[in-house]
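Here the protein sequences line up with chains Z and X, keeping their order. Anchor point for the first sequence: position 88 equals 87 in numbering that gives the first Met the number 0, and the numbering is continuous, going up by one each time. Anchor point for the second sequence: position 280 equals 279 in numbering that gives the first Met the number 0, and the numbering is continuous, going up by one each time.
Each hint can be trusted.
Chain X is faced by these chain Z residues, among others (derived, beta-carbon under 10 angstroms):
1. Val10
2. Val49
3. Ala63
4. Leu66
5. Ser72
6. Gly75
Derived Cβ-Cβ restraints for the label pairs, each shown as a range:
7. Thr265(X) <-> Tyr13(Z): 56 to 66 angstroms
8. Glu124(Z) <-> Ser22(X): 15 to 25 angstroms
9. Thr32(Z) <-> Arg40(X): 43 to 53 angstroms
10. Ile9(X) <-> Glu129(Z): 48 to 58 angstroms
11. Glu15(Z) <-> Arg4(X): 30 to 40 angstroms
Rough simulated footprint, nothing fancy, chain Z against chain X, three-plus residues with beta-carbon under 8 angstroms:
12. 22–36
13. 90–103
14. 117–124
15. 127–139
The hints are simulated quantities; they were obtained by calculation from the structure and are not laboratory data. Computed from a prediction, not measured in an experiment: that's the story for all the values here. All C-beta atoms, glycine included, are put in the ideal place defined by N, C-alpha and C.
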Amino acid sequence: MKFLCVGCDAVMDYVERRLPGDGTMAVVYACPTCGKETAMLANPMETRLVSGLGIEVGGRSVPAEPLELVRSSVEGLEDPVELGASGSPGTGRVRWSEDARERLLAVPSFVRGMVKRIYGEYAAERGIEEITPEIMDRARSELGLEGM
Amino acid sequence: MSDGRAPRRIRTYHEVADPGAESVVGQVVDQRRRLRDRLARVGRLVAIGSGKGGVGKSAISANVAAALAAGGRAVGALDADLEGPSLARMLSAGGGLVRGESGFLPARGAAGVGVVSMDLLVAEDAPLRWRGPEDHQFAWRSVLETGALREFLSDIEWGDLDVLLLDLPPGTDKLARLIDLVGPPDVVVIVTTPSEAARHVVAKSARFLEESGIREVGLVANMASWSCPHCGVAEPLFAADGARRLARDAGLELWAELPFDPRIATDTDEGLPIVLSAPERPAARALAALAERLAVP
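In isolation and in its complexed conformation, chain X is listed as follows (with noise of 0.2 angstroms):
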């Protein structure tokens, strides 16, 4: 000080606080347990993302929770991705939420999926917007999305399930969100496609899961081969190897590699996903046997 006077002490944060007697830290703990509370009825948590969109992790979570239901187990299927939900269309789930005794009850979608989605609370082809200044969205914008995301979690009444499959949008940061909300999920599948540029993005993902200390994580390649209609002779439809690259390099189980197949997408964008409607092709089979992978520790 300029006057020779000793600064003065202002005590800190953490010398004043008594974080149990704080009625916001009251209100966050209570969140928390809500939360906590509603997935100890979840037998497996599982989380499908990717670092890179287009990859086809909604219409493979649609695959897989429908593969799982029709095969006798409670499935529950929350779209993760509040800007482009398409959960709800694909598994064939409509009619909105209705108000249950502890929370909303899922819609049921194919097979008996209970479904939650934002799809399912506005317009199909209007934009989300959240309500709030129009300065400085970036400031609340992520708060509201995490809390979002917190409330489809523990205001559902999702029941005793053996699987809640969380389709996330694409980004590394959504997985790192989902592990700050939830905790480390039981199971993460990354989604990716045999090109470079999938595997380059993908690679990112698959390093932050290594450190977040996730015991099961594997990689499934979509779109890795192309069969012949006419002979069934299976091609590469990609000319790189990004997908068995990435799970050497990374050191992760290539659970799955599904071939292209039209199908998937005509059947999954009419509701029906392709293991209900017709699941004798390959890609069917594929996707029934990962579901089957992700179901059993």
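Bound-form chain Z, shown alone (with noise of 0.2 angstroms):
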């Protein structure tokens, strides 16, 4: 898929992709001549036909890890807060409070996986060794992961 600015006839860029919490998903693009963004936004079918596909909108920052999709689309397989960053390079240090593992578990469980490696990889890059909700929040404000 491409975004192509009309007036400039120029591809846009992936800018950022953004995880409001409730399954579906924005993109955001912008003309590298005008400017001007554009974000796409994906219902949550669209969004689990993405994510069905073991990739990542904008790339990935990690490897993907062994069995990612079958771990973390598959009910009942797997306690969902122990998956997804568990065995990331750089992630795998990082521990979960109870209050944040709590806050996790509110998140639609088809996107869980996604949201937690993205906290994960926030707080590995910072050497944070402790998610807690207040590290939660700052992720998201600094990421734009509203609502999660």
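Two chains, two separate frames, one set of hints: put the complex together.
Now the structure itself:
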């Protein structure tokens, strides 16, 4: 999928991806010529379709985990809070406080793995050892993860 | 245009896209690379499928895998039937999947067969439920199923295998999905029974495979005959001769005609394939011969 700024006849650049926490996704693109930004809004079905391909819009920041799709997509497979970032390079040592775990469980299950990985990466990149609700708030503010 | 102006030209996707620079394409290429690298260590990829359900694909897969492993070959068995998995039980594999260095390790089943099945991950009596929006499941469900099959192939440390068996769910589309994912397998076994109903459905799979360019495709007729336990005389189990007719019409080799033996079901259900529990029985001998046929190019 490409976004074309019709006025400039320029392919728009990926800027950021936002996951509001309700199963939908917003992806922002900007025209490199005029700077105009456009947001693509995907409904839950479309969002699931994309994540079902095992890809991330905008590119991956960490390599895919083994059986990542299966582990994050099958109900009752394991405690979803224990999945996702647990084995990622650099994020495996990040702990989750009980409060943070409870809050993560409020995220729709089919995007929970992806959301957890985003928080895990945020913490790992900053040397944060434990993810707490306060850390989640900070990450949400900095990364634009409203509702998570 | 009604105002007389020429329609403005908007460039097409192919005019603006640079596949090499696309992050999404790059991720798909990476998925394919991991899949290719893993399968490069597999000597023979053997798919066992059928357009028809209930013809005995899984029991045949379990017995073929066990026969090959008992003969000293390194064998993996992947239960690609995500919705109705049975291979783990039939091969007596359990304990879930343990994390290895570059993926998860297959469970070990009868005769040392490496087994991966959704049964190892989900409680045996629990249906497979995918996480996702309840609306429009048709749109994303098959994508997830294909993704799960891809991960079961690429994210499992299968190791160096002589044979990797894939027990496919019923349906010609499942064969098409597999070929789309990994390319043509080395061998495809189409399982049928001699009934006309099975012949009619399985003929569609045969036709599809004929057009797919797979070099080795063979037919296995399950429940082809019944042997009297007292006198040993074999009689056809079905009045119809659908399997031979299908082989003749489709130009396929009939690789095996397996006699009906209740112990295939009873023993295999207990996790002990008949090729191990009663190798002297005609059905076990036929299955062992089929296994040998599949392992050697």
